[in-house]
Amino acid sequence: MDKILEVKNMAKNFESKMIHKNVSFYLNQGETLGLLGHSGTGKSVLLRSIIGLEDIDAGEIFYRGNRIDNLSEKQLYEVRKKISYSFQNGALFDSVNVFENIAYPLFEHTRLQEREISIKVKEILKIVNMEDAISKMPSELSGGMQKRVGLARSMALDPDILLYDEPTAGLDPMNVDMVIEVIRRFKHQGFAGILVTHDIPVAKKVCDRLLILKEGVIHFTGTIAEFDASEDIFVKTFHIADE
Amino acid sequence: MKLEGLRENFRITGDIVLMLRECIACTFSRPFYWGRLLEQIIQLGIGSLGISIVIGTVTGLVMTLQFGYGLERFGGTLYVPAIVSLSLLRELAPIFTSLLIAGRIGSGISAELAAMNVTSQIDAIRALGTNPMRVLVVPRVIAAILSLHLLGTLSAFCGILGGFVIAKIEFNIPFGFYMNKVLTTIRLTDVFGSMAKCAIFALIISLLACYRGFQPQEGTKGVGKATTWVVVTTSTIILVSDFFLSKILILMFN
Chain A
1 MDKILEVKNM AKNFESKMIH KNVSFYLNQG ETLGLLGHSG TGKSVLLRSI IGLEDIDAGE
61 IFYRGNRIDN LSEKQLYEVR KKISYSFQNG ALFDSVNVFE NIAYPLFEHT RLQEREISIK
121 VKEILKIVNM EDAISKMPSE LSGGMQKRVG LARSMALDPD ILLYDEPTAG LDPMNVDMVI
181 EVIRRFKHQG FAGILVTHDI PVAKKVCDRL LILKEGVIHF TGTIAEFDAS EDIFVKTFHI
241 ADE
Chain B
1 MKLEGLRENF RITGDIVLML RECIACTFSR PFYWGRLLEQ IIQLGIGSLG ISIVIGTVTG
61 LVMTLQFGYG LERFGGTLYV PAIVSLSLLR ELAPIFTSLL IAGRIGSGIS AELAAMNVTS
121 QIDAIRALGT NPMRVLVVPR VIAAILSLHL LGTLSAFCGI LGGFVIAKIE FNIPFGFYMN
181 KVLTTIRLTD VFGSMAKCAI FALIISLLAC YRGFQPQEGT KGVGKATTWV VVTTSTIILV
241 SDFFLSKILI LMFN
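Line by line, the protein sequences are chains A and B.
For the first sequence, our numbering assigns the number 1 to the initial residue and increments by one for each residue that follows.
For the second sequence, our numbering assigns the number 1 to the initial residue and increments by one for each residue that follows.
Treat the hints as calculated values from the structure; they're not laboratory data.
Think of the CB as a built atom: it goes at the ideal place given N, C-alpha and C, for glycine as much as any other residue.
Be a bit skeptical, because a hint or two may be false.
To give an idea of the interface, some chain A residues facing chain B are shown, with a C-beta separation under 10 Å as derived from the structure [unchecked claim]:
hint: 1; residue: Val45
hint: 2; residue: Arg48
hint: 3; residue: Ser84
hint: 4; residue: Tyr85
hint: 5; residue: Gln88
hint: 6; residue: Ala91
hint: 7; residue: Leu112
hint: 8; residue: Ser154
hint: 9; residue: Asp158
hint: 10; residue: Met178
DSS-like, lysine-lysine: derived pairs with alpha carbons at most 27 Å apart [to be verified]:
hint: 11; chain 1: B; residue 1: Lys225; chain 2: A; residue 2: Lys17
hint: 12; chain 1: A; residue 1: Lys82; chain 2: A; residue 2: Lys126
hint: 13; chain 1: A; residue 1: Lys8; chain 2: A; residue 2: Lys82
hint: 14; chain 1: B; residue 1: Lys221; chain 2: A; residue 2: Lys17
hint: 15; chain 1: A; residue 1: Lys8; chain 2: A; residue 2: Lys187
hint: 16; chain 1: A; residue 1: Lys3; chain 2: A; residue 2: Lys17
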């Protein structure tokens with residue numbers, strides 16, 4: 001399998017606090033990798049570091065074989081069109097409506113006409129089951145709805161890799177199923193993803209491999225079967241969460 | 001502790017200079033967000049129109065009243081139009097309008113950007129492959145510069161007209177005489193000097209407000225802190241820099 005993303009010996013500190021130490025992993029084309037860990041272990045920081053929203057202190061990050069951690073902010077704009085990040089809180093632009101939020105990257109980076117953008121936005125909204133909210137302002141949406149619109153916006157440019165930051169947290173079971181379906185759909189189109197979640201059943205449903213962070217280092221990495229079969233005490237705490 | 005504070009101030013100054021450099025680079029390269037610029041001109045400039053007119057007019061009224069009665073004792077009432085118009089145009093209109101704008105749009109910009117920062121919207125702009133400097137800062141800075149120098153001039157004009165009302169009512173100075181004195185006193189360099197001052201103050205206000213809005217915030221409390229910092233800092237810088245700008249303008253044009 002082709003490695004689409006590779007992180008080698010990454011380290012990240014916030015002032016004197018160590019967040020990551022020697023973190024190495026890879027992501028194959030078309031694969032979805034689940035990133036687990038207790039709160040505060042730096043899962044979101046790891047995703048943010050991949051697309052350069054956070055600087056790393058050591059190590060290397062490669063996208064399609066090209067090193068990206070040492071790129072300038074301007075060069076990273078190109079990378080971010082291909083590696084999209086779905087924010088935990090949606091991070092919608094609160095001064096514009098849902099349509100404009102999703103259309104924003106399309107207006108910025110494509111040569112599509114307004115009519116084509118409108119069609120594309122409607123299609124994306126249909127995927128996340130939010131087509132009725134097209135003209136609503138973010139303040140009129142619930143937290144879960146904002147999250148789904150945020151997910152829709154991150155898919156707008158058809159990225160190669162989608163980084164999902166807790167996409168199902170705070171959603172009702174029906175919407176969790178919808179998000180699972182979206183991730184699966186994205187995966188079936190051959191795209192890769194990294195899913196940060198605390199929801200083990202969700203991770204098991206959509207991920208090919210799991211990676212568990214503990215105290216800044218990767219404690220476990222393996223397939224779902226390997227995860228289920230693991231006798232490691234720390235990994236077992238996640239089994240409990242699954243039950 | 002003092003050394004620490006000094007170092008911090010140098011760091012902030014350095015960051016703002018770098019921000020200005022990037023802002024200039026973004027202004028003269030594509031894409032340029034004309035729509036956002038227009039939106040900001042409406043919000044910052046047209047939104048401040050009414051209050052600028054009021055400030056200018058009231059300043060003109062008070063100045064004429066004070067100078068009129070003050071100079072009357074020395075038989076100098078006829079100098080009122082010249083003194084009022086010159087002081088309004090050179091100093092009071094740019095300063096008062098800028099201080100007002102620092103309070104109104106400076107705090108508005110920093111609060112808006114700080115709130116966007118807290119809710120990860122600025123990160124979202126970056127994550128979507130666009131430059132927040134280009135999207136958020138450049139339109140605000142240019143809109144502030146374009147708006148403030150016009151607002152300052154308008155404020156001075158209203159002050160001069162307001163001054164005439166008091167000059168007529170209180171001191172019976174006829175309109176023709178008043179305007180003749182105003183027009184023979186004011187030179188074009190005074191108007192340009194006033195506009196230049198306002199433009200520089202607008203740059204200070206908008207840049208500092210954007211800078212503070214972009215800094216990491218301590219939640220919603222940080223938003224309040226950011227706006228306070230912007231109003232206090234920009235007001236102080238405006239007042240201090242006004243002295244030096246006035247000196248430079250006098251050296252250049254007198």
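Hint by hint, which ones does this structure get wrong, listed from lowest number up?
-> 1, 7, 9, 10 and 16
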